[in-house]
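*Asks:* Given next are the chains, with one letter for each unit.
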Amino acid sequence: MATGTEPHLNSGGVRNGTRAAITAPHLRTDRWWLAPAATAAGLLAFVVYSTWRAFSNSHYYAAPYVSPFYSPCLAENCVPMRNGPNWEIFGSWWGLSPALLVLIFPLGFRLTCYYYRKAYYRGFWASPPACAVAEPHKKYSGETRFPLIFQNIHRYFFYAAVPVAGILTYDTVLAFRNEDYEWGHMGLGTLVFLVNIVLIWAYTASCHSCRHIVGGKLKHFSKHPVRYRAWQLVGRLNARHMQLAWASLVSVALADFYVYLVASGVFDDPTFF
Amino acid sequence: MSSYEARFKVWRGDVGGGGLKDFGVEVNDGEVVLDIIHRLQATQAPDLAVRWNCKAGKCGSCSAEINGRPRLLCMTRMSVFTREETITVTPLRAFPVIRDLVTDVGFNYTKAREVPAFVPPDKLAAGEYRMTQEDVDRSQEFRKCIECFLCQDTCHVVRDHEENKTAFAGPRFLMRVAELDMHPLDAADESGLDRKKTAQDEHGLGYCNITKCCTEVCPEGIKITDNALIPLKERAVDRKYDPLVWLGSKIGRRSSGG
Ligand code: SF4
Ligand code: SF4
Ligand code: FES
Ligand code: FES
Numbered sequence: 001m002a003t004g005t006e007p008h009l010n011s012g013g014v015r016n017g018t019r020a021a022i023t024a025p026h027l028r029t030d031r032w033w034l035a036p037a038a039t040a041a042g043l044l045a046f047v048v049y050s051t052w053r054a055f056s057n058s059h060y061y062a063a064p065y066v067s068p069f070y071s072p073c074l075a076e077n078c079v080p081m082r083n084g085p086n087w088e089i090f091g092s093w094w095g096l097s098p099a100l101l102v103l104i105f106p107l108g109f110r111l112t113c114y115y116y117r118k119a120y121y122r123g124f125w126a127s128p129p130a131c132a133v134a135e136p137h138k139k140y141s142g143e144t145r146f147p148l149i150f151q152n153i154h155r156y157f158f159y160a161a162v163p164v165a166g167i168l169t170y171d172t173v174l175a176f177r178n179e180d181y182e183w184g185h186m187g188l189g190t191l192v193f194l195v196n197i198v199l200i201w202a203y204t205a206s207c208h209s210c211r212h213i214v215g216g217k218l219k220h221f222s223k224h225p226v227r228y229r230a231w232q233l234v235g236r237l238n239a240r241h242m243q244l245a246w247a248s249l250v251s252v253a254l255a256d257f258y259v260y261l262v263a264s265g266v267f268d269d270p271t272f273f
Numbered sequence: 001m002s003s004y005e006a007r008f009k010v011w012r013g014d015v016g017g018g019g020l021k022d023f024g025v026e027v028n029d030g031e032v033v034l035d036i037i038h039r040l041q042a043t044q045a046p047d048l049a050v051r052w053n054c055k056a057g058k059c060g061s062c063s064a065e066i067n068g069r070p071r072l073l074c075m076t077r078m079s080v081f082t083r084e085e086t087i088t089v090t091p092l093r094a095f096p097v098i099r100d101l102v103t104d105v106g107f108n109y110t111k112a113r114e115v116p117a118f119v120p121p122d123k124l125a126a127g128e129y130r131m132t133q134e135d136v137d138r139s140q141e142f143r144k145c146i147e148c149f150l151c152q153d154t155c156h157v158v159r160d161h162e163e164n165k166t167a168f169a170g171p172r173f174l175m176r177v178a179e180l181d182m183h184p185l186d187a188a189d190e191s192g193l194d195r196k197k198t199a200q201d202e203h204g205l206g207y208c209n210i211t212k213c214c215t216e217v218c219p220e221g222i223k224i225t226d227n228a229l230i231p232l233k234e235r236a237v238d239r240k241y242d243p244l245v246w247l248g249s250k251i252g253r254r255s256s257g258g
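Top to bottom, those sequences are chains A and B.
Residues 1 to 273 in UniProt numbering are what the first sequence spells out, letter by letter.
Residues 1 to 258 in UniProt numbering are what the second sequence spells out, letter by letter.
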């Protein structure tokens with residue numbers, strides 16, 4: 001019939017020769033670019049902030065608070081923290097910031113997280129930038145090959161994330177001391193730490209790998225009532241995984257920034273009791 | 001009752017070429033985009049091709065793209081648009097066009113046939129099947145699918161890369177694999193068919209990068225990515241990348257799990 005006004009480009013993707021001849025890569029009229037742009041900006045801000053803090057190797061301890069970026073502190077060059085997470089597994093030869101030794105675990109956990117994958121594939125790699133908006137890449141093999149096939153190891157980072165969250169819980173308990181290490185006190189920092197640790201646990205527990213491990217892998221829930229309940233519980237959290245990913249990202253940065261402010265002497269931690 | 005004249009652009013043409021044609025058309029309160037397309041047929045373009053059946057969001061025939069977004073024509077209310085905006089309607093852009101708004105969705109039937117069917121359990125006769133509700137809950141969500149193929153159309157793996165159509169089954173059919181793998185009576189394992197492994201090896205699960213566009217467009221609100229694709233990816237990991245599970249299965253102590 002060819003009421004044809006548009007030439008057929010036949011240049012692949014939505015412009016493939018057999019598909020409806022439409023030149024525009026997409027016809028969306030809403031602000032589809034807003035979500036990926038905001039995501040990219042948010043992630044970038046965190047990357048810049050955490051890189052600065054991780055390499056700075058200073059102002060990460062203000063008794064009784066230790067920055068979550070530096071806990072546990074595994075090198076000899078760490079500031080001594082009374083009862084704190086000082087484990088000199090790496091001896092004196094480690095001359096760089098001790099944050100680098102531990103941050104690879106939370107970093108790996110979040111990099112391979114199913115939510116963050118979506119976020120950066122869309123926000124940074126435009127694969128796709130938004131739904132039904134053509135991606136700019138000629139070829140696409142997804143997560144079938146090196147390096148992205150390594151996303152499949154997410155569950156091992158989940159296993160590692162659990163003890164890390166445990167250590168941050170310990171740090172939060174230690175935050176119930178005052179700066180002279182006496183127990184039974186609480187300051188604004190304690191509150192910041194409490195909120196952070198709750199969000200970290202909620203994010204960790206809502207992980208898709210966690211959901212699979214506690215029960216999702218089963219075929220017959222009826223034969224495993226306890227695991228079924230656990231799976232339902234994790235599932236409820238999992239529905240909020242994106243929100244928890246952002247909330248815990250912000251809270252961990254805030255907790256670190258709080259320690260930075262107190263340690264660098266910008267202000268004194270207001271104590272409640 | 002109020003009515004107004006809306007501006008429409010509708011793609012007309014066939015595989016030889018075509019373009020967006022402008023129309024001015026009456027719209028009344030409570031109408032959906034399919035009503036307007038029908039009015040165009042009745043008044044201005046009697047040969048406009050469009051596929052539809054139920055006008056109730058249940059047959060999955062009227063899939064198209066409205067203002068660039070894959071949607072059902074019969075479930076998109078005119079009230080979601082302002083009176084000023086021009087509404088653009090095109091056929092699905094991931095499949096070969098036949099004419100006007102009608103596309104050839106045969107790709108999906110090919111992919112459907114590639115998924116091995118339910119394997120009946122050995123010792124049970126038809127009529128003896130018993131399942132508990134909690135064991136079928138997950139699969140039942142997937143059974144809500146009306147096969148509109150909006151998810152297949154939106155998925156960038158095939159929408160933007162025609163060459164991936166051979167290797168990739170698409171969200172709707174990976175969801176089918178997940179449904180069968182979670183089915184309490186499916187005896188694929190016993191028959192030597194490992195759906196967890198074939199999901200990746202034969203149906204291209206690895207191509208999906210969990211960017212969730214399928215979930216975003218599904219008119220049935222099925223959580224395709226969270227409840228089918230990601231769980232299926234985790235199941236594939238059990239088979240292919242988890243040394244503990246792999247070792248366990250070699251010494252035969254752990255079965256495929258419950
Ligand atoms: S989540 Fe996977 S299957 Fe769904 S649209 Fe995205 S890439 Fe395709
Ligand atoms: S899963 Fe949803 S979008 Fe995909 S074919 Fe079924 S109903 Fe349509
Ligand atoms: S932490 Fe996001 S999926 Fe595991
Ligand atoms: S006509 Fe049946 S779903 Fe729209």
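Because the hints were derived from the structure by calculation, they are not lab data.
Accuracy of the hints is not assured; some may be wrong.
If we take Cβ atoms under 8 Å as the criterion, some of the chain B residues that face chain A in the derived model are [as the list claims (entries may be wrong)]:
#: 1; residue: GLY19
#: 2; residue: PRO46
#: 3; residue: LEU48
#: 4; residue: ARG159
#: 5; residue: LEU180
Cβ atoms here follow ideal geometry from the backbone N, Cα and C, with glycine treated the same way.
*Asks:* May I ask which of the numbered hints given earlier this structure violates, with the numbers listed in increasing order?
*Replies:* As far as the earlier hints go, 2, 3 and 5 are violated by this structure, in ascending order.
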